[in-house]
Amino acid sequence: MNKWENNKAWFMVIPVFLVVAVSAILPLMTVVNYSVQDIFGPENRIFVATEWYKEVLTDQRLHDALSRQLLFSALVLLIEIPLGIIIALMMPKKGWGASLSLVLVALPLLIPWNVIGTIWIIFTRPDIGLFGAAINSMGIPFDHTAAPLDAWITVLLMEVWHWTPLVVLLAYAGLQAIPEAYFQAARIDGASTWATFRYIQLPKMRGVLTIAVLLRFMDSFLIYAEPFVLTGGGPGNSTTFLSIYLVKLAVGQFDLGPAAAFSIIYFLIVLLFCWLFYQALLKVGTGDKS
Amino acid sequence: MAMVIENITKSVANECHIDDISLQLEPGTFNVLLGRTLAGKTTLMRLMAGLDKPTKGRILMNGKDLTGISVRKRDVAMVYQQFINYPSMTVYKNIASPLRMAKVLDAEIDRRVREAAEMLHIDSLLERLPVELSGGQQQRTAIARALVKDSELLLLDEPLVNLDYKLREDLRTEMRDIFKRRKSIVVYATTEPMEALTLGGNTAVLHEGRLEQFGPTVDVYQHPQSTRIAQAFSDPAMNIVAGKVDRNSLRLGDAKEVPLRHHLSGLPPGDYRFGMRANHLQLEMQTSDDIEFQTTIDLAEISGSETFVHLFHSDDPWTVQQQGIHNYRMGDQAKVYVDSANLYVFDLDGRLVISPTRPDSPTMT
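Chains A and B, in that order, are what the protein sequence lines are. So the first sequence is numbered by this note's numbering: it starts at 126 and just counts up by one. So the second sequence is numbered by this note's numbering: it starts at 26 and just counts up by one.
Worth flagging that the hints you see were computed from the coordinates, not collected in a lab. There could be a bad hint or two in this list.
Unchecked claim - Listing some non-contacts, in silico: residues in chain A with all C-beta distances to chain B over 12 Å:
id, residue
1, I204
2, F342
3, Y349
4, F392
What the hints assert, rightly or not - A few chain B residues that face chain A, going by a derived Cβ cut-off under 10 Å, partial list only:
id, residue
5, R71
6, G75
7, V101
8, P123
9, K174
Every residue gets a Cβ at the ideal spot worked out from N, C-alpha and C, and that includes glycine.
Work out the full structure, taking the sequences as your base and the hints as a guide.
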């Protein structure tokens, strides 16, 4: 009797298995399939075992792309998280000012990603771009199509402009959820603005900031559309991030085997980092030493 | 020296929250602010703390005018309905935080934190974080934090509302003992009359932003100066019935005439309003002198070991508090009895004329 009832539960979860299988597991298995074979056509393929993995793991250009990617994501987190919190702290808490600032802050999030790239190409052009021309006219040479550092600055600025609003919205929601009594208690204790931030606002925002860090890390680690439009990975390879390199490999050179092997490694890296961040953030502030 | 509140008024956007309140609170006293939600308890506390500025009036502490002085520069501690602690600090650090802000020496901090923690029975939880505590323990931490500061003024804004029944009772009794031994002015806001009675000290009854009566709690309970105070400081609310006094007799509602006895003798003839507490109404006759009313049962509400019987006398809703559990059917006729010795007498404007002389000890539940 009990056994039958337990088994019935499986029928309930089968639809989920089917959906996940079609949407995630089957495509992933296709990639696994490609990563262990050399395929020339449907009837013409050779099993190569881990050869593509060896090739990819010893690929110097991939190592460079990975270090570039890590540096980029680290910079993105270091800039966007504090900046997002600062902006959220400065925004009005109620009244029409709150609604207005929310709309203004959220605007960049509403623009399609490839359009963002185009906007920044024009914005930073040394001849006619508002930003590029202004910088150049001050006597500082700036050209993201020629100087790697300028390209980096441009991509970073674009990423910060595009995605800090998300951090702001999350942090703002976290701040709004803190009961007024906490701030009163802090005032009565004589706590400074900094102490109020450090001991009330920051710990109370931990949940939303965990989500913000995870989202921003994953998104920035997988960044493709904006730098592809803006720099195309150049100048040279200076802004060739992992997914740009991956697309060059798969679509540009049609090296499907190495590209598939690389995709799997890429996937595992993202998974690993997310798990590490999640574990780290869970422990921050809870004093949980287990 | 005391805290003196002089003709304080607080209005926000033309809406009057506190209307011309004057009050003098002595050090070492426990003062209850009793009133319903929106009676102005929290607003008055915020004014006392200096979180808000009064629209009119002054607040003096030890003769010094504190009106408009920032809360940071005052010597105040406060406990809230919500359990407010610093989320990332352990219980120990939470309790120590006001002392650290005040730059007290470490050894002294340690001594005072442990003393406060012991008093509130959280000395075994000092290394825990607030999230690892139950609601009761979190509130104990918040109270310890307020206590350790040893401030001139300690405000407690309905600190027990969010706790369950048993914890509330324990903590209430403990608080009475802890605070009575201190030299601070303690102010405690509550909506529950029984809580005020348990806590003792003084009680200020607030109604719609006005101070209705202030005095020793038992005094206010036994001699409510108006029907409004009597109804506010009575749970369930005091039952009111119109009545007429002739030279030697008394007639209440639809009841038969009875002779004037006890504290009522000597009452000048005329129309009055009579107050009867729910615990003085009986569903069975106690003595042949009892006044008897005809009523219709509306609802029997069972609460713990008691039954609150809601019924109608003519069109007036009354409540009878009865020991034990009883069942009644809606619409049934019932006779209700009251001993005239327990009657409160108010004039037609609702002002107290005379209250029962017999010590009216409230039933604690």
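Each hint tested on the structure:
Its beta-carbon lying about 24 Å from the closest one in chain B, A:I204 satisfies the requirement of being farther than 12 Å from that chain. The beta carbon of A:F342 sits about 23 Å from the closest Cβ of chain B, which is more than 12 Å, so the claim that it is off the interface holds. Listed as a non-interface residue, A:Y349 keeps its Cβ farther than 12 Å from every Cβ of chain B; the least gap is roughly 37 Å. Residue-level check passed: A:F392 sits 34 Å from the nearest beta carbon of chain B, beyond 12 Å.
For B:R71, the interface hint holds, since its Cβ comes within 10 Å of a Cβ in chain A; the closest pair sits about 8 Å apart. Here the hint on B:G75 is kept, as its CB sits about 9 Å from the closest CB of chain A, short of 10 Å. Hint on B:V101 holds. Least Cβ distance to chain A is approximately 6 Å, under the 10 Å limit. Look at B:P123: its Cβ gets to within about 5 Å of chain A, closer than 10 Å, so that hint holds up.
Hint status for B:K174 relative to chain A: holds, with the closest Cβ pair at about 8 Å, below 10 Å.
When held up to the earlier numbered hints, the structure conflicts with none and fits them all.
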